[in-house]
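The hints should help you fit chain B onto chain A, whose structure is shown.
Number of protein chains: 2
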Amino acid sequence: MAKKLTKSPKNVRVGVLGSGSFATAIVKMLLENCKTVNWCVRNEFVKGAIEQRGHNPTYLTTVNFNLKKLQITTDINELVSNCDVIILAVPSIYLAESMEKLTCDYQDKLFCSAIKGIVPKHNDIVAHYLRDEFKIGFKNQAVIAGPCHAEEVAMERLSYLTVAVAEQDDADILREVLSSFYIKVNTSCDILGNEYSAILKNIYAIGAGIASGLGYGDNFIAVYVSNAIREMETFLEAIYPEKRDVNDSAYLGDLIVTAYSLFSRNRNLGNLIGKGYTVKSAIQSMSMVAEGYYATNGIYAICKEKKLKLPIINAVYDILYEGKSAEKQFAKLTDKLT
Amino acid sequence: MAKKLTKSPKNVRVGVLGSGSFATAIVKMLLENCKTVNWCVRNEFVKGAIEQRGHNPTYLTTVNFNLKKLQITTDINELVSNCDVIILAVPSIYLAESMEKLTCDYQDKLFCSAIKGIVPKHNDIVAHYLRDEFKIGFKNQAVIAGPCHAEEVAMERLSYLTVAVAEQDDADILREVLSSFYIKVNTSCDILGNEYSAILKNIYAIGAGIASGLGYGDNFIAVYVSNAIREMETFLEAIYPEKRDVNDSAYLGDLIVTAYSLFSRNRNLGNLIGKGYTVKSAIQSMSMVAEGYYATNGIYAICKEKKLKLPIINAVYDILYEGKSAEKQFAKLTDKLT
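First to last, the protein sequences are chains A and B. Just so we're aligned, residue 1 is where the first sequence starts under the numbering used here, counting upward by one. Just so we're aligned, residue 1 is where the second sequence starts under the numbering used here, counting upward by one.
Looking at chain A on its own, in the form it has when it is part of the complex (with noise of 0.2 Å):
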């Protein structure tokens, strides 16, 4: 087990690693509160960039940050020795690569996931890839959900943040780095719940796309958002029974806000195949990285371990990963929607 973070918010040491844009959310939140950020990025030329000219240059341009406050490398055991606290924020895809790399002492670190996909070699989720690869156990992890697209952080917009974590003092911790006149806090203890239901939203805001890019309008949207809370809570019932209300933000929100919003890169994934681009040019034609594609292979594989009939996450599966039209799917969904 880890040592405590007995450190006071002020001098915990905070890192983050990614340089995508809810990495660069992430850094512009802590830099809020804390002295220094740590910031492990993905190469020299982004380091290089962030160090000449203040801001990402890909993501969140907008944001410029405070260079003084920022220590920026691009050595993952650098970042994680310097912190008590590690924020994991690249796509999921590119999680194994950085984590392998990991030589330094970790065990009493705290690893904070803000990461909505499955590792796609581990076919697993977050949670269970380092637990399983790393022995960091479920005490010394943390889950950091949403409702919050990172570029409405960039614009100082209201956005509540959801943080999951065992221990009392860690959350009391993760909240006051994070909390600002822009972002707000909620904690919870339902760390797998918040990590599987993050990465569920994605897929149905895939399915939400899809629809749109058909040509269903507002009505049929908010029958298939309904079914799809109803969808999530059943799996997150099989798969991982707790005292949970799936209507707080952490669920519900991140699932709207992913459907709806016109930031969201999967509901515009969705939507691209939807109007008849096939799945692997929609894929091609997007810069950023759609978690929900890769999720919705290990989420439909855990479902049929579990035998779980959920109409909407077979359809998207059907239409994603098994050539089927999207048209049809959907014609056959409408009816198993209620």
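Simulated from the structure, these hints should not be mistaken for laboratory data. Where hints are given, some of them may not hold.
If chains are identical, the list can't say which one is meant, so a pair holds when it fits in one copy or spans any two.
[Unchecked claim] Listed below are the simulated DSBU-like cross-link pairs for lysine-lysine, each with C-alpha atoms no more than 30 Å apart in a straight line:
(1) K275 / K309
(2) K332 / K10
(3) K243 / K306
(4) K309 / K243
(5) K275 / K135
(6) K47 / K10
Since this is a predicted model, take the numbers as computed values, not measurements.
Chain B in isolation, oriented as in the chain A frame:
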């Protein structure tokens, strides 16, 4: 107790009271199945215009009717006498004016409310108004709930209705007369719950519009909606406990479509207020009745009586009826949401 509707759906005589957009949409739905639809419109001008042009002169003007199948009147007694099922689809503020003219025998009829508002003179919901003023018991009542914006029905975009009614036979008949290739019908026994939730969602939609008008973004609105459905559940449990899942389409779906759709007049009213219009000028600028305005007063009174503290309802009430600043009320509200 009423005579049962023993007729087959093909022969059941159905009528609609009202000539607004939702009434017009319902007439369109019924014409897919019924040989004749009885339609009681507001006045002779509307009657003449429909008979001459084949469409409603003001609402859903693109919907053309087969006039041979329409029996149009301005006399509620003619409507009720000629029908087994009467669908009430006038704005709630005009319902009493119509119903007070009722002199014919109506005790064996099924009154089906598609109204989502409070009857202002009685400050009560339609189901209670019909029961208390006309001795129409709940066994002779039904409620039609959405999510179903009339504008999308006009476009024949797939929509789902929920019909809440006590008797299964009546549910079957209503399902059959309303279903078509663009309308799917769920059934429910929760008559009062469906009516209350349809009223509440209009208040929440005004609040969503206010937030949007004030500049709050997608992340916040998603948190707001997830709080709204929890508030709705608290209200329904307090007023009318019943085994229900508020994530069913008629509750959550209807809330989402009303809070998000640009077709939502309640959302639009809120949006104008959020942008700085006075409540009075915002109402005056709209050509259609925003039910949520009147509903806020009625629901707030119920909350006060039942000592229910519902932060969103309170904030919307204070803005609409107490002249308080939308900006300040929402700033306070953000601390109460989770």
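So, going through the hints one by one against the coordinates:
no.: 1; hint: K275 / K309; in the structure: within (27 Å within a copy, 45 Å between copies)
no.: 2; hint: K332 / K10; in the structure: between (55 Å within a copy, 27 Å between copies)
no.: 3; hint: K243 / K306; in the structure: both (20 Å within a copy, 28 Å between copies)
no.: 4; hint: K309 / K243; in the structure: both (22 Å within a copy, 24 Å between copies)
no.: 5; hint: K275 / K135; in the structure: neither (44 Å within a copy, 53 Å between copies)
no.: 6; hint: K47 / K10; in the structure: within (25 Å within a copy, 72 Å between copies)
In this structure, only the earlier hint numbered 5 is contradicted, and the remaining ones agree with it.
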